[in-house]
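Participant: For chain A, the structure is supplied; the task is to place chain B on it using the hints.
2 protein chains.
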Amino acid sequence: MKLSSIGEFGFIKRISETFNQKLPEGIVGIGDDCAVIPIDKNSCLLVTTDMLVEDVHFMKEKISPFELGYKSLAVNLSDIAGMGGKPESAYISIAIPSETEVEWLDEFYEGVHNLANSEKILLLGGDTTKSPDKLVINFTMLGKAKPDCIKYRSTAKVNDIICVTDYVGDSGGGLMILLGDLEMNSDSSYLVQRHHKPHPQIQEGMWLASKPEVHAMMDISDGIDSDIQRIMESSGCGALIELNKLPISPALRRVSAKYNWDPLEISASGGEDYCLLVTVEPDAYENLASEFKSKFNRELTNIGVIKDKDYGLQYIKNGIKAQLKKHGYDHFV
Amino acid sequence: MKLSSIGEFGFIKRISETFNQKLPEGIVGIGDDCAVIPIDKNSCLLVTTDMLVEDVHFMKEKISPFELGYKSLAVNLSDIAGMGGKPESAYISIAIPSETEVEWLDEFYEGVHNLANSEKILLLGGDTTKSPDKLVINFTMLGKAKPDCIKYRSTAKVNDIICVTDYVGDSGGGLMILLGDLEMNSDSSYLVQRHHKPHPQIQEGMWLASKPEVHAMMDISDGIDSDIQRIMESSGCGALIELNKLPISPALRRVSAKYNWDPLEISASGGEDYCLLVTVEPDAYENLASEFKSKFNRELTNIGVIKDKDYGLQYIKNGIKAQLKKHGYDHFV
Numbered sequence: 001m002k003l004s005s006i007g008e009f010g011f012i013k014r015i016s017e018t019f020n021q022k023l024p025e026g027i028v029g030i031g032d033d034c035a036v037i038p039i040d041k042n043s044c045l046l047v048t049t050d051m052l053v054e055d056v057h058f059m060k061e062k063i064s065p066f067e068l069g070y071k072s073l074a075v076n077l078s079d080i081a082g083m084g085g086k087p088e089s090a091y092i093s094i095a096i097p098s099e100t101e102v103e104w105l106d107e108f109y110e111g112v113h114n115l116a117n118s119e120k121i122l123l124l125g126g127d128t129t130k131s132p133d134k135l136v137i138n139f140t141m142l143g144k145a146k147p148d149c150i151k152y153r154s155t156a157k158v159n160d161i162i163c164v165t166d167y168v169g170d171s172g173g174g175l176m177i178l179l180g181d182l183e184m185n186s187d188s189s190y191l192v193q194r195h196h197k198p199h200p201q202i203q204e205g206m207w208l209a210s211k212p213e214v215h216a217m218m219d220i221s222d223g224i225d226s227d228i229q230r231i232m233e234s235s236g237c238g239a240l241i242e243l244n245k246l247p248i249s250p251a252l253r254r255v256s257a258k259y260n261w262d263p264l265e266i267s268a269s270g271g272e273d274y275c276l277l278v279t280v281e282p283d284a285y286e287n288l289a290s291e292f293k294s295k296f297n298r299e300l301t302n303i304g305v306i307k308d309k310d311y312g313l314q315y316i317k318n319g320i321k322a323q324l325k326k327h328g329y330d331h332f333v
Numbered sequence: 001m002k003l004s005s006i007g008e009f010g011f012i013k014r015i016s017e018t019f020n021q022k023l024p025e026g027i028v029g030i031g032d033d034c035a036v037i038p039i040d041k042n043s044c045l046l047v048t049t050d051m052l053v054e055d056v057h058f059m060k061e062k063i064s065p066f067e068l069g070y071k072s073l074a075v076n077l078s079d080i081a082g083m084g085g086k087p088e089s090a091y092i093s094i095a096i097p098s099e100t101e102v103e104w105l106d107e108f109y110e111g112v113h114n115l116a117n118s119e120k121i122l123l124l125g126g127d128t129t130k131s132p133d134k135l136v137i138n139f140t141m142l143g144k145a146k147p148d149c150i151k152y153r154s155t156a157k158v159n160d161i162i163c164v165t166d167y168v169g170d171s172g173g174g175l176m177i178l179l180g181d182l183e184m185n186s187d188s189s190y191l192v193q194r195h196h197k198p199h200p201q202i203q204e205g206m207w208l209a210s211k212p213e214v215h216a217m218m219d220i221s222d223g224i225d226s227d228i229q230r231i232m233e234s235s236g237c238g239a240l241i242e243l244n245k246l247p248i249s250p251a252l253r254r255v256s257a258k259y260n261w262d263p264l265e266i267s268a269s270g271g272e273d274y275c276l277l278v279t280v281e282p283d284a285y286e287n288l289a290s291e292f293k294s295k296f297n298r299e300l301t302n303i304g305v306i307k308d309k310d311y312g313l314q315y316i317k318n319g320i321k322a323q324l325k326k327h328g329y330d331h332f333v
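Chains as they are written, first to last, in the working numbering: chain A, 1 to 333; chain B, 1 to 333.
The shape of chain A in the complex, shown without the other chains (with noise of 0.2 Å):
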């Protein structure tokens, strides 16, 4: 059987049924955007793995090594913030062609550092090896949090409302610049560089975990069309987009309108945001997009509802159903 015939999750939820089993009481294995394990009464450790290949996450001709680097690491930063943890040490494997130049590496670095350096990152560890062809990079990270200020994505609940904590689609759309090689202007620039430097949410990630009223959270790495699924599975419920509700940067409004792009459909399915997709309690969100709003100075967007099991996952645009035309990203499918 081909791998392509069952797809990324459903390899995913093959080999987590066989991991999941007879953990110990307090340790979450696969299945969310860390591992937790208690250390003691007030904490817990976070950790994470990605792993970015070369012509598959990124093409060495359309970044630079500082960007790749920054990114690396933002990537896994992003998945601690997205239960709320706070990211401590990093560890870096990377496969390396022989043909690659120490000086492309020193940038690579340097990527790596500044996002550290900002953040307060130690990087602890790693391997280092040659790569018969392509450049793979894994990080691994650890963070911390307190048992109670964890979120999961199996915590949502019937009639919370769904936000996002950023825009959406614009890293989908600078995608779509590099992969046309379209005209480089200002908003063009911004969504290529919202697509190499994404910012991890940690401040806001810590910040909506130690709120009893925020139910379940992750990080948007796949776009909300898959994300979204992933809570749904977890928690054992439905949802509802109302696609009109994302809020869209006005840079990718005026790219989308130029090339005659759906924004609606790249900030639901494009992938890579790497802000937040959250749900809250249904009367404490008013108070709490308000609060969130006055601390970080950016919107905590209502884009829809969750709904029960049978539901499914429906989209609303313009008033009426809509599906999407292409949906979130699956590596083997």
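Treat the hints as calculated values from the structure; they're not laboratory data.
Incorrect hints may have been included.
Chain copies aren't distinguished; within one or between two, either way the pair holds.
Below 27 Å or equal to it, Euclidean Cα-Cα: the simulated DSS-like pairs (lysine-lysine) are [to be verified]:
| hint | residue 1 | residue 2 |
| --- | --- | --- |
| 1 | K120 | K13 |
| 2 | K13 | K60 |
| 3 | K86 | K146 |
| 4 | K22 | K120 |
| 5 | K197 | K22 |
| 6 | K157 | K321 |
| 7 | K41 | K144 |
| 8 | K144 | K22 |
Facilitator: Below, chain B without anything else, positioned relative to chain A:
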């Protein structure tokens, strides 16, 4: 500047100098088998990560998926063993070519589970992604150790006896059989098994680490010739290795005689033995070796002595100075 001009260890030195700046007290970063992070008075977290790349570390047609899964975990357990720790949880990232059969992956994970179950390791996370070409596997392993029972590469002392905890060279011999497509009999099968299913010396490592007379320790992954140089660099010392003292298995002796190989050469530079390289207070060696023998039913073999830094690394064979033809593996040279 090409990477090959500074080599793997030159490159690691280059990046570790920037990585290890300003680490908080008690934290050990790049430069040993694992990173060490204090948790509380009685325990430290050990973290290690290793990347295995198809056609660099393994050939898919020469190793079964079960063995590859087993070995991928084993080499990481060995790093924890090399510092005297108890391995606890593993995180697997894997980049998979699209044409891979699900059944192949099932067998791979069976190999991982087999060793994980016997060593009571929890498999708590990972990442699965597509690879355009080669299979790439990255394991990250977390373990624990008591702060006063961790052994480093940096603590060897002049006059220490250098020891190994098992036969060396079997894995190197097994690799030569695979690469040469040589005839399989019980001896060559044994060597190939030693190459494919290394036994991480966790109990041995924990026991040796509890002994104050053991000064420095690491696992042998790149071969004695390469790994003793890691101890020399970290401890600021030299070393004399007596090639005739290297413990060589009867199988490797017989296969070497048959194919006219030099078993001393293979044992000193073959690599992937995944037993332990240990330096011991000279007065304490006899007692320790006899205790080790009665506990593990294996020799703690004296293979040489730590010298001062100016001595460098010297080999003796049949009473006279000798040079190795091949040296330990460097990925980029």
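Participant: Please go over all the hints and tell whether each is borne out by the structure.
Facilitator: To see whether the hints hold, each was checked on the structure:
Taking the closest pair of Cα atoms, K120 and K13 come within 27 Å of each other only across two copies (22 Å); inside a single copy the shortest separation is 34 Å, beyond that limit. For a Cα distance limit of 27 Å, the shortest separation of K13 from K60 across copies, 25 Å, qualifies, whereas the shortest one inside one copy, 31 Å, does not. With identical chains, the CA atoms of K86 and K146 are at most 27 Å apart both within one copy (10 Å) and between copies (25 Å). Taking the shortest Cα distances, K22 and K120 sit within 27 Å of each other only across copies (11 Å), while inside one copy they are farther apart (35 Å).
In the homo-oligomer, the alpha carbons of K197 and K22 lie at most 27 Å apart only across protomers (26 Å), although the nearest pairing inside one protomer, at 39 Å, exceeds that limit. Within a single copy, K157 and K321 get their C-alpha atoms as close as 23 Å, which meets the 27 Å cut-off; across copies the closest is 75 Å, which misses it. With identical chains, the CA atoms of K41 and K144 are at most 27 Å apart both within one copy (13 Å) and between copies (18 Å). In the homo-oligomer, the alpha carbons of K144 and K22 lie at most 27 Å apart both inside one protomer (23 Å) and across protomers (21 Å), since each shortest distance falls under that limit.
Figure legend: structure checked against the earlier numbered hints; every hint is met.
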